[in-house]
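Novice: Residue numbers (numbering that gives the first Met the number 0), protein chains in the order written: chain A, 0 to 326; chain B, 0 to 326; chain C, 0 to 326; chain D, 0 to 326.
Calculated from the structure, these hints are not laboratory results. Bear in mind that the values here come from a model prediction, so they are computed numbers and not experimental data. It cannot be assumed that every hint is accurate.
Since the list can't tell identical chains apart, any single copy or any two copies may satisfy a pair.
[Said to hold, decoys possible] In silico DSS-like links for lysine-lysine, alpha-carbon gap of 25 Å or less:
#1 Lys273 x Lys94
#2 Lys134 x Lys273
#3 Lys6 x Lys198
#4 Lys54 x Lys320
#5 Lys292 x Lys6
#6 Lys320 x Lys292
#7 Lys33 x Lys198
#8 Lys292 x Lys273
#9 Lys273 x Lys6
#10 Lys134 x Lys320
#11 Lys33 x Lys320
#12 Lys54 x Lys134
#13 Lys292 x Lys94
#14 Lys54 x Lys94
#15 Lys209 x Lys320
#16 Lys134 x Lys6
#17 Lys134 x Lys94
#18 Lys209 x Lys292
Letter by letter, the chains look like this.
4 protein chains.
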Amino acid sequence: MSENTIKRHVVGIDVSPEVTTYAVVDIQGGIQAKESFRTTDYPNVNEYVSALSEKIIMLVEQHGGYENIRSVGVSAPSGNFMTGSMENASNMPWKGRVPLAALLRDRLGLAVALGNDAHVTAVGEKAFGAARGFKNFIVITCSHGGVGSCIFLDNRPHLGADGFAGEFGHLCIIEGGRQCSCGQRGCVEEYASARGLAKTAQEILDTTGKPSVLRGVENITPQVIADACEQGDEVALETFRQTSRLLGCALATYAALVDPEAIILTGDMTSYSKWMMDELQSSFEANIFPNLKGRISLLISPLNNSERDVLGASALAWEVKEYSLFK
Amino acid sequence: MSENTIKRHVVGIDVSPEVTTYAVVDIQGGIQAKESFRTTDYPNVNEYVSALSEKIIMLVEQHGGYENIRSVGVSAPSGNFMTGSMENASNMPWKGRVPLAALLRDRLGLAVALGNDAHVTAVGEKAFGAARGFKNFIVITCSHGGVGSCIFLDNRPHLGADGFAGEFGHLCIIEGGRQCSCGQRGCVEEYASARGLAKTAQEILDTTGKPSVLRGVENITPQVIADACEQGDEVALETFRQTSRLLGCALATYAALVDPEAIILTGDMTSYSKWMMDELQSSFEANIFPNLKGRISLLISPLNNSERDVLGASALAWEVKEYSLFK
Amino acid sequence: MSENTIKRHVVGIDVSPEVTTYAVVDIQGGIQAKESFRTTDYPNVNEYVSALSEKIIMLVEQHGGYENIRSVGVSAPSGNFMTGSMENASNMPWKGRVPLAALLRDRLGLAVALGNDAHVTAVGEKAFGAARGFKNFIVITCSHGGVGSCIFLDNRPHLGADGFAGEFGHLCIIEGGRQCSCGQRGCVEEYASARGLAKTAQEILDTTGKPSVLRGVENITPQVIADACEQGDEVALETFRQTSRLLGCALATYAALVDPEAIILTGDMTSYSKWMMDELQSSFEANIFPNLKGRISLLISPLNNSERDVLGASALAWEVKEYSLFK
Amino acid sequence: MSENTIKRHVVGIDVSPEVTTYAVVDIQGGIQAKESFRTTDYPNVNEYVSALSEKIIMLVEQHGGYENIRSVGVSAPSGNFMTGSMENASNMPWKGRVPLAALLRDRLGLAVALGNDAHVTAVGEKAFGAARGFKNFIVITCSHGGVGSCIFLDNRPHLGADGFAGEFGHLCIIEGGRQCSCGQRGCVEEYASARGLAKTAQEILDTTGKPSVLRGVENITPQVIADACEQGDEVALETFRQTSRLLGCALATYAALVDPEAIILTGDMTSYSKWMMDELQSSFEANIFPNLKGRISLLISPLNNSERDVLGASALAWEVKEYSLFK
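Can you make the complete structure from the sequences, with help from the hints?
Specialist: Here it is in structure tokens:
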């Protein structure tokens, strides 16, 4: 009824296999407070929800108060916005369908919106990042663990008839290629993730006689490869180039089906863009349908990796209808 | 192609009959710099555009640089978003159709979006104010000069087939009532604007014998009436009450046609909400269609009057496709 | 999987207080078969649903078979599309909230969509009538029993946050006017319905000394007034003129808020358009906001009154997701 | 203003490289009259437009009259709805950008909407065919000449930022596969078109020693292959199987990005569905992302090949704003 009933803070939560981060965020995307704890400390999801809820309430009381919180947004692996559940997240301890939004709503007494990593990232990029101002765009999340995507069309996320649209990580780029955990072969994710890079590096080491600082390294991580690139290591450079060529070709296929204004790359793998963007860009332009050449921007998210997920989750929190048990 | 080509500032401009305000605003709605000058100094619109453009370029160069500006948003009297023009603004020196967006685009070399006061205000309330989180809502602008409105449906402004939807100021509330400048009689604007309040106060003074500090006051402004209310002046109190009853009834009609989640009141007249909201609320609920009773929130904008318009204009700037002459 | 699993018939049902009509309609709006019975024979809603379901199954088996029916659409008084229920229909024997769509779905084993009269009529006008080709329009239903409306914006029905948008029948046109059954005064419905016309005629008879064939008529129906008009009866003519003036003014208010391309008049009262359209048109244009003058078409539905409702209901049937218990 | 100003007929035109077909179609999709002539008789586009316009006016005058025609819809190779032009249609005599909608509008004095084959087909399937009742679906056009597609999301065609979305024919299914005329390699179109089938048959003949009635056939058309299938010819059967496997895999990729309710196959190649659907269906389900298994219907259009295109074009005609030079 009056100005002071308008709530101007939300809570954003990022649930990752290793770490859970939560923050109080104001209406302009200002992070008022942010904390985190180890997800792995809670193999039981009910104990996880209890602990998370208590921590949130404590943080909220220290920063503006519960009565100032409008709603809660969650980024969760295999999160389905339509059901509010995590559905068969492969890399989490909690199996099957976990109704995380409902569990949190019951504990917190507030409306909760939940989405998967790519969806939440795209909402955040639209609100505060590289996608602001675009109506039609694709956000690609390239992280060490895997690859996902979210399509925005006419200013809205396109989640698909069942909430599963954008499965870019499982688009087949090499017919009969590497075996993927999804059961198929040749998926993008088996090439563009950390494990994909390591396999590609190993293949180059195995099939060429090139000298390389990577030879004999037990655990070839993207950072190890990038460090080798700094020293001009040809195998390391070729690893990123091959990956970029495949990714550029897959993005060209995606773009020809959707015709977006821009494709935005996010995720921790973008730290290595220095070694990838030139080749990615050429491969994309070489493979794109002729009428689209030169029309689609490839952009890297300007958002800070440590803040992107809670910022996106906070933006998602505004999408759910306000509700408060105690109002 | 790379992160640093993403432009994260816009310019917001508020063109009012008396004063023009312009600001550099960042992607989160942070006002980096704001200045203003007298609109009335420029009776010729071309001179106005030249001066405004020069001032903007100067401000921009001092705050982040031209190459960091994505686009420009303008709030202008009788502005039509579809045409980018001011169309027959009654209280401006520049007559007929003024293609202000095109004139500014030519001077600044940047994309320019233009809307009328109510549209721009609603875009701002959606981005940063009381409308954040609502999908369906009406924003009412009640200012000294007049009354307007903008409807958002399913997260988008409904501008109508010709860009003229939301003419709430000219909804007839008293059959054969006060003559309005639009040619009709009994329009909302003739009761809920500053001149409307003054007329209502005078009518009460003329038709009742009540003592009042307003008797003999030559220029009865809303502030004068509000000051009288503070002293318990019955005529002043009744002036706000009568106005509120009429406005509540008109809002009930509006709400029954549109069925919004909330109605948000903005504009300088909301400074007097202390004397209006109780009666407005009762009248609204008394007159609303029964199925809607208790379902629609009446809210007052939390945004600062001096910042609302440039903030809204900056939010509108993100709605136009990026374009730069010099890129 | 194959062509012959595509179902190309739907069932359209019109539930009116007196009569229920149901039809098998093909994908192009061709009525294959149509029957009706007295609604009033079933004061108990469960018996009504049983009887209606049996009759439908019988008709369907005679015309293409059950396995060819995709879904069912229902037009029902005070029907809410969002809930599938009739909500407090004032002129029906079944009180409170009647979940008619769910009841029929259980009996028929098919998906059922339900809307109120104005919504269903608008869907039908969009598919087969005067609204085909318009993106933004208002459909006004003027029937003997009452007045309703439905707004289409950008090709979709705008039902409002709670499904109650478009309550045009209860827009107040005369401050403190005739008492309406909704509890308010001066509603459109009290002037533009059959009972409204009769009251207006009586008022003119009572307040003027004019001779008229209507004097002494016990039950002044619209048809009686229209017949009198044919004889040049001045009171009858004035009755339609007064009604048209009020309606034109109310439509002008509606149009100024929504700015549609067209307003389409439907319902059995349109039979008397010969005596109403000239005055309605002038009043609309005289009262419309200046920028909209001459831009908005007032059209009368070309659809047959006896078919409009089942056609509209059949069009609504295509809006619900297909489902079959027995598939 | 009145019922008889509502125009209830449109003209649908299908421009194909060989034949142009045009029809007068009523509001329910009833074809009132249909005629055709050889496109190749008019190597000059202006002469083509003149002849087509004259023929249309003649047909229209014989069937309801010009004043009853609301608008015109055109299906044209490489037609872009946003510009109303054919853009670089590779198999037409008229080169570059041909503003066909504007040329026809000038001649006919009526509003003209133009789309490409896949877009128009999808609009027709939505109005009268297999897509009626779906909100999210993909229409694939498989014709002898090539392969295209159109995505509908939330009841609207998704044309993309530049009008080029849905380039399914040029999705790469075989890395480094057959050279396509678009400049890329391995495009769907090089396998699923008539020429693709012929090449596949030839490859099987060349690489296996299997006996076959196809050996020695100079011009292996799809019909020739289908006839051989009827005789149990193993090479012919394998040709359709291989094609179906590739197509099923490509559709699975498409579906994983878009998550539609259904995929609808149209075009003259669907005549051979008897030999393709089983394998296509298995390949689709084998390759689809696990969460989507069993959820997406593969359907074949029920529309008559000789009517589909003009029906679709007639449905598109209703999407353009009415305009008449002579009204």
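Novice: It remains to establish, for every hint, whether it holds in the given structure.
Specialist: To see whether the hints hold, each was checked on the structure:
{"no.": "1", "hint": "Lys273 x Lys94", "result": "neither (38 Å within a copy, 42 Å between copies)"}
{"no.": "2", "hint": "Lys134 x Lys273", "result": "neither (28 Å within a copy, 41 Å between copies)"}
{"no.": "3", "hint": "Lys6 x Lys198", "result": "neither (49 Å within a copy, 37 Å between copies)"}
{"no.": "4", "hint": "Lys54 x Lys320", "result": "within (23 Å within a copy, 42 Å between copies)"}
{"no.": "5", "hint": "Lys292 x Lys6", "result": "between (46 Å within a copy, 23 Å between copies)"}
{"no.": "6", "hint": "Lys320 x Lys292", "result": "between (41 Å within a copy, 19 Å between copies)"}
{"no.": "7", "hint": "Lys33 x Lys198", "result": "neither (36 Å within a copy, 54 Å between copies)"}
{"no.": "8", "hint": "Lys292 x Lys273", "result": "within (23 Å within a copy, 39 Å between copies)"}
{"no.": "9", "hint": "Lys273 x Lys6", "result": "between (42 Å within a copy, 20 Å between copies)"}
{"no.": "10", "hint": "Lys134 x Lys320", "result": "both (23 Å within a copy, 9 Å between copies)"}
{"no.": "11", "hint": "Lys33 x Lys320", "result": "within (24 Å within a copy, 34 Å between copies)"}
{"no.": "12", "hint": "Lys54 x Lys134", "result": "neither (37 Å within a copy, 31 Å between copies)"}
{"no.": "13", "hint": "Lys292 x Lys94", "result": "between (44 Å within a copy, 20 Å between copies)"}
{"no.": "14", "hint": "Lys54 x Lys94", "result": "within (24 Å within a copy, 49 Å between copies)"}
{"no.": "15", "hint": "Lys209 x Lys320", "result": "neither (59 Å within a copy, 48 Å between copies)"}
{"no.": "16", "hint": "Lys134 x Lys6", "result": "between (28 Å within a copy, 16 Å between copies)"}
{"no.": "17", "hint": "Lys134 x Lys94", "result": "neither (36 Å within a copy, 32 Å between copies)"}
{"no.": "18", "hint": "Lys209 x Lys292", "result": "neither (36 Å within a copy, 44 Å between copies)"}
Of the numbered hints listed earlier, those contradicted by the structure are 1, 2, 3, 7, 12, 15, 17 and 18.
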